[in-house]
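Asks: Residue strings, one per chain:
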Amino acid sequence: MDTLLAQMVDMGFDAEVSRFALEQTHCAGVQPAIEFIYAMNDKPNAAGFKPSTPQRQTTTTIDNNNNNNNNTSSLGRQGTSSLSQPTKKIRTSIRDSNESFDSDEEYYQDVDDYEFDSPIVEVANVTNTVIQASEIAKTALKEIEKITNITDATPCAATLMLLKYQWNSNKLLEQYYEDPDRVMKQAGVPEKEEFTAFASVKGEDCIVCMDDLSRKNGCFLSCNHAACVQCWTTYVEGKISEGESISMTCLAYKCGTIVSDSFIKKVIPQYYNKYLERLALTFVDKNPNMRWCPTAGCGNALKADSQSESIAQCTCGFRICFKCNQESHIPASCDQVKQWKKKCEDDSETANWISSHTQDCPKCHSAIEKNGGCNHMSCKKCTHEFCWICMGNWKGHSNCNAYKKEENSNKSETKKALERYLFYFHRYNTHEQSKKFETKLRKGALDTIMAFQNKKDKRWIDVKFIETSTEVLIQCRRTLKYTYVFGFYLQDGAEKNLFEYLQNDLERTTENLSGMLEKGEDQNVQQLKEMTNLASTKLNHLIEGVEEGLTAHGTKKKF
Amino acid sequence: MMLSKRIVKETQRLMSEPVPGISASPLNDNLRYFNVAISGPVESPFEGGVFHLELFLTDDYPMAAPKVRFLTKIYHPNIDKLGRICLDILKDKWSPALQIRTVLLSIQALLSAPNPDDPLANDVAEHWKSNEKDAIATARDWTKRYANTQ
Ligand SMILES: [Zn+2]
Ligand SMILES: [Zn+2]
Ligand SMILES: [Zn+2]
Ligand SMILES: [Zn+2]
Ligand SMILES: [Zn+2]
Ligand SMILES: [Zn+2]
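So the protein sequences, as listed, match chains F and X.
Counted from 1, the first sequence has number 326 at position 326 by the UniProt record's numbering; the numbering is strictly sequential.
Counted from 1, the second sequence has number 138 at position 138 by the UniProt record's numbering; the numbering is strictly sequential.
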């Protein structure tokens with residue numbers, strides 16, 4: 001019974017459900033028990049996978065357990081049990097099937113069923129809006145327009161007010177209705193937004209170039225600091241390229257008069273669009289609910305849809321922690337990551353030798369280059385299968401993740417501490433490397449999806465699923481990476497044993513999933529689904545285990 | 001690059017109406033490069049010394065601040081070993097309406113009123129804060145040693 005139960009739990013079934021099913025089927029085997037569960041659980045889409053659109057990720061939220069307010073219980077975990085039983089109808093790969101569709105309608109019906117049948121366990125997912133780089137300016141301008149329409153303020157004044165209220169237009173309007181003058185004043189909106197352009201100013205020289213201003217070339221704001229068109233142009237151009245926009249002031253020394261958008265539109269129309277672009281950037285820079293995606297060349301902005309949100313995901317795959325602006329680091333805390341990164345910097349020379357892409361096969365010693373994410377290696381020459389991380393034999397290999405202290409050793413404490421650090425760093429680093437390879441896989445899948453003009457193409461669905469799988473895989477990798485930060489700072493004891501058990505479990509499943517996905521197009525979609533489901537289950541086990549404090553109470557349902 | 005009308009005008013004025021205690025003259029072969037001498041203000045630790053500086057107007061001038069540096073060694077919390085000066089108008093507070101004249105006046109004022117709370121030379125600033133008397137004595141000593149005209 002125990003072996004059967006363990007097998008079922010390994011496959012991602014809930015322990016209690018499995019036990020019940022095994023009892024009901026007289027422990028005849030795993031297969032009858034699974035069939036029993038299917039029959040018992042006749043409601044499809046219990047924890048259905050919802051397809052995500054590029055604009056918005058709509059899935060369950062799991063928050064970082066290290067919330068500063070310690071209000072873990074109130075964090076937005078909307079999902080019910082993370083363990084879903086595989087639903088009854090599981091279709092085998094559509095590519096292999098010989099079904100034909102009589103009509104579009106029937107086909108779409110089928111596609112919908114298919115997607116919702118996918119038994120994807122909801123993984124530590126996030127709810128946030130991603131504003132594509134090209135949409136940021138438009139989005140900001142829409143907000144500005146909304147305020148100008150309601151309040152009759154000029155675009156410049158509207159932006160100043162929005163900035164003051166950190167782009168929270170509802171709060172701004174609320175206050176504005178109460179006392180418009182106070183809001184305008186607090187936001188630094190100039191009382192008169194007057195300016196003079198292309199005027200002849202008799203007897204005065206441009207305060208910058210000292211040319212005389214008698215040729216309809218004088219421009220000045222309400223402060224009367226007159227400069228020529230050419231100097232204003234050079235000045236504004238320079239300020240914009242330095243990233244300034246709304247807070248740009250008059251070019252006179254210590255003059256705080258704001259250069260208004262209408263002034264720029266009139267005097268320097270050729271830079272007006274650039275100015276608006278910069279304005280849009282303040283929309284992200286000065287908004288506590290927004291972050292730039294840190295991925296080089298991405299340029300998207302991430303917006304948390306609520307204050308309690310601490311993680312957001314970009315369409316490029318990057319996941320950010322809103323609290324520390326670093327890559328999302330569940331299960332480690334912001335402080336742990338900060339401390340860890342500092343340590344890595346300090347020890348960068350000792351740790352450098354580790355990040356190598358070639359190692360020798362432990363059996364035949366031929367050099368093997370790693371060009372994928374999976375750490376379950378097999379030597380092309382002698383077919384020996386080994387673990388890239390510990391170089392041990394893959395078969396019967398376990399607990400590669402747990403650092404074992406050498407009890408009777410003459411090594412100095414410093415040496416021991418260094419070895420321990422290197423153990424964790426090596427694994428942290430290896431998962432990061434793997435994640436990089438696997439992010440390429442994800443991109444490949446996305447590119448393939450894009451290439452399918454016709455969503456009716458049967459292959460489209462398979463590729464769509466591969467994308468989902470790589471997404472889960474990357475989440476597992478990212479989490480594994482930070483489990484080594486968390487583990488490094490975790491005291492020895494029962495909690496650590498439990499943690500390492502969950503970590504090892506996730507690690508093994510992740511390598512299996514990675515190995516499958518590396519096969520590329522040639523997939524058995526059914527197997528891939530099962531493995532994806534299993535990996536997300538293991539990921540949830542680990543995250544929930546840590547959230548619940550790694551006590552037997554918190555994790556008992558998984559054993 | 002052609003010398004702008006502004007630089008020509010500024011130079012003419014610097015020569016015809018010099019600021020008391022300050023001399024500035026461009027090189028003959030590079031009219032954007034000025035040799036500057038500032039006398040230590042009275043009642044400052046720099047009194048009696050003459051400090052030489054170089055001032056260079058980049059192509060961006062006046063949109064960008066001139067580059068100024070002390071050539072004479074000076075013991076001052078806002079001036080480092082390389083002679084670089086910590087002065088807001090030479091950085092973010094620069095305005096194209098400011099001129100060479102105003103920059104030099106500001107540097108002269110900085111000699112009168114060192115500001116150890118916004119230091120560039122940390123050890124000097126520390127010295128200034130912990131024992132102002134002693135720091136001033138060192139500054140006097142350096143003035144005698146490095147900025148003496150005799
Ligand atoms: Zn001008
Ligand atoms: Zn002004
Ligand atoms: Zn991104
Ligand atoms: Zn963080
Ligand atoms: Zn081999
Ligand atoms: Zn291993």
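Calculated directly from the structure, the hints in this document are not laboratory data.
Please note that the accuracy of each hint is not assured.
What the hints assert, rightly or not - Here are the computed lysine-lysine pairs in the DSS-like style, where the Cα-Cα straight-line distance is at most 30 Å:
| # | chain 1 | residue 1 | chain 2 | residue 2 |
| --- | --- | --- | --- | --- |
| 1 | F | 363 | X | 9 |
| 2 | F | 164 | X | 5 |
| 3 | X | 5 | F | 265 |
| 4 | F | 216 | X | 9 |
| 5 | X | 93 | F | 185 |
| 6 | F | 239 | X | 91 |
| 7 | X | 5 | F | 239 |
| 8 | X | 133 | F | 254 |
| 9 | F | 239 | X | 129 |
| 10 | F | 254 | X | 144 |
| 11 | X | 67 | F | 254 |
| 12 | F | 265 | X | 91 |
| 13 | F | 286 | X | 93 |
| 14 | F | 185 | X | 67 |
| 15 | F | 239 | X | 9 |
| 16 | X | 9 | F | 274 |
| 17 | X | 73 | F | 239 |
| 18 | F | 266 | X | 67 |
| 19 | X | 129 | F | 265 |
| 20 | F | 265 | F | 142 |
| 21 | X | 93 | F | 274 |
| 22 | F | 202 | X | 67 |
Asks: A separate judgement is required for each hint: does it hold in the structure or not?
Replies: Evaluation of the provided hints:
With a CA separation close to 82 Å, the supplied pair residue 363/F and residue 9/X exceeds the 30 Å bound. Proximity of residue 164/F to residue 5/X is assessed by CA-CA distance (about 41 Å); at most 30 Å being required, the pair is judged violated. For the hint pairing residue 5/X with residue 265/F, the CA-to-CA distance comes to about 28 Å; that is within 30 Å, so the pair holds. Using a Cα cut-off of 30 Å, the hinted pair residue 216/F and residue 9/X holds, with the two alpha carbons roughly 22 Å apart.
With a C-alpha separation of about 24 Å, the suggested pair residue 93/X and residue 185/F falls inside the 30 Å cut-off, and the hint holds. Restraint check for residue 239/F and residue 91/X: the C-alpha separation of about 14 Å stays at or below 30 Å, so the hint holds. Distance hint between residue 5/X and residue 239/F is fulfilled; the C-alpha atoms sit about 23 Å from each other, no more than 30 Å. For the hint linking residue 133/X to residue 254/F, the alpha-carbon distance of about 34 Å lies beyond 30 Å, and the restraint is violated.
A distance of roughly 37 Å separates the Cα atoms of residue 239/F and residue 129/X; the hinted pair therefore is violated under the 30 Å criterion. Restraint check for residue 254/F and residue 144/X: not satisfied, since their Cα atoms lie roughly 37 Å apart, outside the 30 Å limit. Among the hinted pairs, residue 67/X with residue 254/F is consistent with the structure: their alpha-carbon atoms are about 20 Å apart, no more than 30 Å. Simply put, residue 265/F and residue 91/X have alpha-carbon atoms about 28 Å apart, close enough for the 30 Å limit, and the pair holds.
Under the criterion of a C-alpha separation no larger than 30 Å, the hint pairing residue 286/F with residue 93/X is consistent with the structure, at around 22 Å. A C-alpha spacing of about 38 Å is found between residue 185/F and residue 67/X, which places the hinted pair above 30 Å, so the restraint is violated. As the CA atoms of residue 239/F and residue 9/X are separated by approximately 26 Å, the hinted pair is consistent with the 30 Å bound. At most 30 Å may separate the alpha-carbon atoms for a hinted pair to count; residue 9/X and residue 274/F exceed this at roughly 34 Å.
Pair hint residue 73/X plus residue 239/F does not hold up; C-alpha atoms about 35 Å apart against a cutoff of 30 Å. Pair hint residue 266/F plus residue 67/X does not hold up; C-alpha atoms about 33 Å apart against a cutoff of 30 Å. Proposed proximity of residue 129/X and residue 265/F is contradicted: the alpha carbons are some 50 Å apart, above 30 Å. A threshold of 30 Å between alpha carbons decides the hint, and for residue 265/F with residue 142/F the separation of about 18 Å falls inside it, so the pair holds.
For the suggested pair residue 93/X and residue 274/F, the alpha carbons sit about 23 Å apart, so the restraint of at most 30 Å is met. Taken as a hint, the residue 202/F and residue 67/X pair is broken in the structure, with Cα atoms around 33 Å apart against an allowance of 30 Å.
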